[in-house]
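We have chain W; now place chains F and Z onto it with these hints.
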Amino acid sequence: ISEEASAAPEPTGPSIEGLENVDGLSVTREGKVFKIALNRPKKFNALTLEMYQGIQKALEVSNNDKSTSITVITANGSYYCAGNDLTNFKAAAGGTKEQIADMANTAKVIMKDYVNAYINHEKPLIALINGPAVGIAVTVLGMFDYVIATDKASFHTPFAPLGQSPEGVSSYTFPLIMGSLRASEMLLVCKKISAQTAKDYGLVNEVVPDAEFQSHAQKTVEAFSQLPPETLRINKKLLRSLHKEKLLEVNNIEADQICERWQSKECHQAIAAFMTKGAKK
Amino acid sequence: ISEEASAAPEPTGPSIEGLENVDGLSVTREGKVFKIALNRPKKFNALTLEMYQGIQKALEVSNNDKSTSITVITANGSYYCAGNDLTNFKAAAGGTKEQIADMANTAKVIMKDYVNAYINHEKPLIALINGPAVGIAVTVLGMFDYVIATDKASFHTPFAPLGQSPEGVSSYTFPLIMGSLRASEMLLVCKKISAQTAKDYGLVNEVVPDAEFQSHAQKTVEAFSQLPPETLRINKKLLRSLHKEKLLEVNNIEADQICERWQSKECHQAIAAFMTKGAKK
Amino acid sequence: ISEEASAAPEPTGPSIEGLENVDGLSVTREGKVFKIALNRPKKFNALTLEMYQGIQKALEVSNNDKSTSITVITANGSYYCAGNDLTNFKAAAGGTKEQIADMANTAKVIMKDYVNAYINHEKPLIALINGPAVGIAVTVLGMFDYVIATDKASFHTPFAPLGQSPEGVSSYTFPLIMGSLRASEMLLVCKKISAQTAKDYGLVNEVVPDAEFQSHAQKTVEAFSQLPPETLRINKKLLRSLHKEKLLEVNNIEADQICERWQSKECHQAIAAFMTKGAKK
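Residue numbers (our numbering), protein chains in the order written: chain W, 1 to 281; chain F, 1001 to 1281; chain Z, 2001 to 2281.
Same shape as in the complex, but just chain W:
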């Protein structure tokens, strides 16, 4: 879900051992904070297949990085993330049934590994939501430990209108976080919600006026990063391990389901309509 925007990507920081540079990502260490920033603002930070794999790798490297105690994900520009870049599917638009199946299966494996990297992450995981969040950028929030959002953020998971199904283990985490009725509101009938509603639903911990967002977020993250690191890992594991097996299982189920959806008529019709609408603008 992406169009041209004005902001230029910020320069990426110094490279971190074990990580290659990936277009659209900036991975840095800031004090005891391991920071992953989406850096494709012109495309509203929509996720390419390379970005999925880059974030996955960064989460794994952070796991083993003893010099930092927490992991932060945020984005550059006025958007947080437009979700899965639908041009990931463009190549297959005119393809044969087999070509579409191949593409769907490739994307499925990449997305499943991406989500598993969140399930397996061992440090406190903080999201700084600097603007609108869409699709898989919203669904994976159920695996974070603390989310700060600007009051300009919004949260939207338009699966049904696109003929797709929920991922990011949201079919497991969202009902636990907000209850089944609010989960269906977001994941089944797909209403867009504001930052304040996301806070009321327990998907966001703090909403901050946009002008103060960056400074408040940085101060908060800095404070969290000073907590005893071994204790943080152990306590995160204690909270997570009760659900881990189920999360891995649900990720498999969701991945199989969305792979089937990507090959369905309802999905193709919806994406074609979306592309046409975009082209007409």
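The set of hints was computed from the structure by calculation and includes no laboratory data.
Warning: the hint list may mix true and false statements.
Here are some of the chain F residues that sit facing chain Z, going by a computed Cβ distance under 7 Å [to be verified]: (1) Ala1160; (2) Ser1184; (3) Glu1185; (4) Leu1188; (5) Val1189; (6) Gln1257; (7) Glu1266.
C-beta atoms are modelled at their ideal positions from N, C-alpha and C, and glycine is treated no differently.
Relative to the frame of chain W, chains F and Z by itself:
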């Protein structure tokens, strides 16, 4: 829990194949909406045994109805539903122990099948709560996908004062939706809550001023019904299947428990006191 | 976490059969209410090992007390409870590795039995939070059925800063009550929350202005105690039994974990820093 009210039942719509007319119910198709309306306003839409079975059958017919994409439950008159009609138990009031046991077991099977029809429902299920809701009309809300309530609605499950136990799989769904403390507030110490509190607790998605309730509800339902129907079913199944086995199991446990309660001294004393109070008015 | 405060302990009530007097506790019957009051206000009602065991025993006696229908826990003075009295660990401060391990294992068993007494409690359990609550006084709230708090209360579980891990089965109950993100806010990054926020998070049912707190709490508790007692037990069991096995299992896991933490370097450094800070005041 019913007394005489002023509203007359609305005429039932054209009959739907596979469904017989049931006193107190109106089942219609409106566009892509399969609509079940409680239609016994003089008795505050309290549920007779025939109405339980009629709704169960309507939910099953809707499951197989390809011409509609969502199912809506609402009611005619100023009440949503007064819950289980206590006159269902009147016949047994002066009965022998065996007669009471027979009646309790009959009602148990009907209620269990009724609740299973919700667990097994495959379309998005929307409730339009047009007024106060009591007992099983409240507890089954945990199986809905979206609930809109007028600001004149209230929600009350007075099980303990009547010597009864929670049903509608609420002992499973309510703690997941609102947390154990709020669930105990409603189901154990039995406080009545307002529409706004029900929204705060995640049991209601939207509260609408009474004057705008019908038009807003209709517009919302109409919009939901336009989503791709196959995707809706698949996504509902994804969200529901994680809990389905447990829901069926809990329904059995709750049904056995309430059947035992119906035969208990505390329940008989409470219902006798309730009937006496009603007769004195 | 205790310093000298001004309030004197209130006199304990008449003794209850099967219960010995314990310093810092007052256990009484008031009508149909079985009431346990922390009574060590000069130490902010911090829990000594004797108080853990006294409360455990009182909960067990209440279980078998047919003359009361509900159990209430509250405290005397302006604090609710400062949590685990860190002087419980003072003796081991200069000890050998073996002495520390002995102390940790003793405390672990006492704490585990204490928490199991909540898991196994059969009556509706009401907390009247008359002031700030800290640590295990907060975490066990997930096993209560109704919590009333003064607006002067606050809720804080500073595990990470003290190098410790969550207990009171909070790693299971808190994510279910408030969702994983709010649970991590309290249990992982350890933010202190107000009474109103605790209500928003579903950890408290009612917040009452301090001037009206005692009279409102007493009236509410009195009303609950009039409900049919057998029905209350049965309905509590129905709600609890779905989670009981898991709660007992999680209590074991948490107890093992905190016992390990108590012997860790991060915990010793944190407690030493805390004690030094206290001594300097």
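Cross-check of the supplied hints:
1. With a least beta-carbon distance of about 4 Å to chain Z, the hint placing Ala1160 of chain F at the interface is held under the 7 Å criterion.
2. This hint holds: Ser1184 of chain F has a C-beta 4 Å from the nearest C-beta of chain Z, less than the 7 Å allowed.
3. Against a cut-off of 7 Å between C-beta atoms, the interface hint on Glu1185 of chain F holds, since the closest Cβ of chain Z lies about 5 Å away.
4. Because the beta carbon of Leu1188 of chain F sits about 5 Å from the nearest beta carbon in chain Z, less than 7 Å, this interface hint is met.
5. Interface restraint check: Val1189 of chain F against chain Z, minimum CB-CB distance 5 Å, threshold 7 Å, status holds.
6. At its closest, the beta carbon of Gln1257 of chain F sits 6 Å from a beta carbon of chain Z; the interface hint therefore holds under the 7 Å criterion.
7. A distance limit of 7 Å between C-beta atoms decides the matter here; for Glu1266 of chain F the minimum to chain Z is near 4 Å, and the interface restraint holds.
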